[in-house]
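Enquirer: Spelled out, the chains give:
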Amino acid sequence: MFKVKNKIYIFIFLAGVFLLPSWTLAAEIRLETKIKEITVGETIEVKVFLNTKKENINAVEGEIIFAPPFFLKEIRDGNSLISFWIKRPQLEADSKITFAGIIPGGYSGTGQLFSFVGKLQTVGTADFFINQGKAFLNDGLGTAASLSVTNLTLAVVQSEEKTTTPEQKIFLPAAPDSVPPESFLPLLGNEPGLFNGQWFLVFATQDRGLGIDHYEVREGDDSFMAAESPYLLKDQKLRSQIWVKAVDRAGNERVEKMTAKNGAVWYENLRIWGIILVLITLMLVKKLCLKRKR
Amino acid sequence: MKKQYFLIIICFFLTIVLSIGFFVFMDETNAGSSGDSIFMTVKISVCGNNIKEGGEHCDGNALGGKTCLNLGFSGGVLHCTPSCEFYTTSCITSAGSTATPIFSPTNGGTYTMLNANNSAATVNLPQNFYTDNCDMRMQMFSYEKTAFMTSKPPPTGKNFCGKVYDFVFIDGSGTNISTLAKPASITLTYTDDEVSGFDENTLAPYRRGDSDSSWQPISGAVVDTANNTVTFSNTNFSSISLIGEPQTTSPASGNTGGGGGGTSSLFINAGFSGRAYPQSIVTLLKDGQIAGTVLADASANFLINLNGLSVGSYNFGLYATDSHGNRSALTNFSSSIVSGSNNITGLFIAPTMVLDKSEIKRGEVLNISGQTAPNSGITIIFDSENVFSEQTTADKNGAYAFSFNTAPLGVGQHFVKGRAGLNGATSPFSQTQNFLVGTKSVAADQNNLKGDLNGDKKINLVDFSILAYWYNRPAPLASADLNADGKVNLVDFSIMAYYWTG
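As they're listed, the protein sequences go chains V and X. Per our numbering, numbering through the first sequence is continuous, rising by one, with the last residue being 290. Per our numbering, numbering through the second sequence is continuous, rising by one, with the last residue being 504.
Quick caveat, the hints were computed from the structure, so don't treat them as lab data. Misleading hints may appear alongside valid ones.
[Unchecked claim] Facing chain X, from chain V, some residues (calculated, C-beta under 10 Å): (1) 56; (2) 71; (3) 75; (4) 96; (5) 97; (6) 98; (7) 100; (8) 101; (9) 103; (10) 107; (11) 194; (12) 205; (13) 221; (14) 223; (15) 226; (16) 280.
[Claimed, not checked] Straight-line distance between alpha carbons at most 27 Å, and here's what the computed DSSO-like set of lysine-lysine pairs gives: (17) 115/V / 30/V; (18) 257/V / 459/X; (19) 92/V / 489/X.
[Said to hold, decoys possible] Partial pick of chain V residues on the chain X-facing surface, computed with a CB cut under 8 Å: (20) 180; (21) 181; (22) 269.
Heads up, the beta-carbon is just placed ideally off N, CA and C, and yes, glycines get one too.
Construct the complete structure from the given sequences, taking the supplied hints into account.
Expert: What follows is the structure in structure tokens.
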């Protein structure tokens, strides 16, 4: 009887230990793949999810560290929860991906932050750690949310050793993406603390497919040039029309146009030249008439 | 000879001055006498006497019964200039552009309203377009199509192509004129982006008066598809727009957005409806950027339609601006958009909340006010040493006010927020307000917008970019350090994201 009681207590204790984390309201950043065993050289996609666990989160950052080296092929940030990236997911020092971004108004639920695709070339265990993870509540005070992380461990084997059936595809190439990036509104800015108070242009948009590849800006008669936001304008007098092109990773484009804030100067207005010409002609005619009278 | 001319000019001006003086003296005087004299009343408009007379829109506080609504605005306070003309700076509108050109009815004239996206409306009024000698004022408004989806939706199977315009004519005496003596020639210019996804051959101008039940096509229009213009004549004014039908085949270039996307994208739409505050401006954000604004009706109901969406998951955000210009908390929601029409209903925008003091002497009364849907119950939650709540009710205009005696509160920082409830539905919480209980009272600064780094009263991508510049940099700009901890990090971005306006 005593033994049975003890077993019950131990069971309750262990259940408490294992289940407690899931009962708490800590938001979670989680790494996921379809399967946990891959072969050397096989391409995999690792997805990075945010589960807010009923909290309302509006800012998140962190880094993902690989061990052993992960041969990164691409990072996909299309259809992300993040509206504006402070630090777009990018590879740093060949060993980690860093990211930081915000969701104005906050987010509650589970959604994907981004994913990354690549392969491992070393047999053994591959670990992906989330490091320096931070999330903040949407409360206007910058309160740090309690955050847990779920790392990822994969078994990397030679192909002949693989126990997974071939039907279990671990990486599906992205579906054809023919949808252009979302419409957006480029904005002009002017702030003494930035670019020494010169005019700059800001822009950002989302892509529902593979993600934004790059932006290009065209001022007036110039051609499109690759650009990043914020973009220091060449025409500080703001007399040129501006076009901003967002190009996604499938090559789809979205072009937004801004009319010149200040328009053309007077000497670029042909009407004014017309009026001046008429006035000069009238003055000459008058002068001629006066000469004839004399 | 020169002297003679000089004398003539002096005499001429003297005569004019004397005549003016005579008429001013005679203003509103009753010339009466006995016997066989003729009784007559001489009445001349005198601007500045606080009496609205002929030839004046208004005079001082005498507005002739007119409000901002009569001039085509959605609300606000109408004023009168010292020259007795309507002054509409304090009037409210959700229009993207407004203009007030003045025309002489005798001479006519032309005015072009150019929109930010390069679309335009040109009104050409002929000579003697109206039987009055006083100058005519035209109030011109340019709206995004979403602003009309509720109040004046397009005919079934059709959609607005580009902007929707409202025209209001006011004569010299401040009277609204809906019909002109001679037709005006109007040219509406649309952009390639606006017409993307439409069958351009179906474009036609439509008109709809406030009392009309549907949009009526204006006949005789010339559609110039090469130059993207539609020109037509019109005598009756109110709402005017180009309306067209969607393309039935896909465009040739499949992968260039150019602002509109392909046909499939343009006609994937979503309707967002719910409750805000009466006559409040409701703003919809898509991925943190403004996607549309609409004016809620007198019962606080709103509907925003959004076109050009793609299939996928979106983060939408909603907020409303109340009658005092205060903004509600931004409420976000995620939606999976599917092909065709999507309806997101039952949205209940958080109430606005304003405190009259940022610091208050313990025991004094803190006044809390704001706006929500009419007759809603308001739960005000105080987050102090203990969390407790108070209840009040909004009036028929959605306004609420609550006076709270701070005697039970301890010295220190306290937080307060509120939510509305109506017919079983509950709104999200208002923005959290904080106040300090201490030894003195300090009026709250209602103009302080946290996160507005460039001072344009908006918190958007420009402010985000300024903050991003200072991210993790040493010695950041003081205004960028939103929590004043000497550094710009994710905490500051979180604060900015909370106050975001798009």
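Enquirer: Could you run down the list of hints and mark each one as holding or not?
Expert: These are the hints, each one checked on the structure:
1. 56: Holds, about 8 Å.
2. 71: violated, 18 Å
3. 75: With a closest approach of 6 Å, the residue 75/V hint holds.
4. 96: Because about 6 Å separates residue 96/V from the closest Cβ in chain X, which is inside the 10 Å limit, the hint holds.
5. 97: holds, 9 Å
6. 98: This hint holds: residue 98/V lies near chain X, its Cβ roughly 4 Å from the closest one there, short of 10 Å.
7. 100: holds, 3 Å
8. 101: This interface hint holds because 4 Å falls under the 10 Å limit.
9. 103: Constraint on residue 103/V satisfied, holds at 6 Å.
10. 107: holds, 7 Å
11. 194: violated, 13 Å
12. 205: At 8 Å from the nearest chain X Cβ, residue 205/V passes the 10 Å test, so the hint holds.
13. 221: violated, 19 Å
14. 223: violated, 13 Å
15. 226: Cβ of residue 226/V sits 4 Å from chain X, so the hint holds.
16. 280: Hint violated; residue 280/V Cβ to chain X Cβ min 28 Å, cut 10 Å.
17. 115/V / 30/V: holds, 14 Å
18. 257/V / 459/X: Roughly 19 Å separates the two Cα atoms, so the pair holds.
19. 92/V / 489/X: holds, 24 Å
20. 180: holds, 6 Å
21. 181: It holds, given that the least Cβ distance between residue 181/V and chain X is near 6 Å, below 8 Å.
22. 269: violated, 20 Å
Checked against the numbered hints given earlier, the structure breaks hints 2, 11, 13, 14, 16 and 22 and satisfies all the rest.
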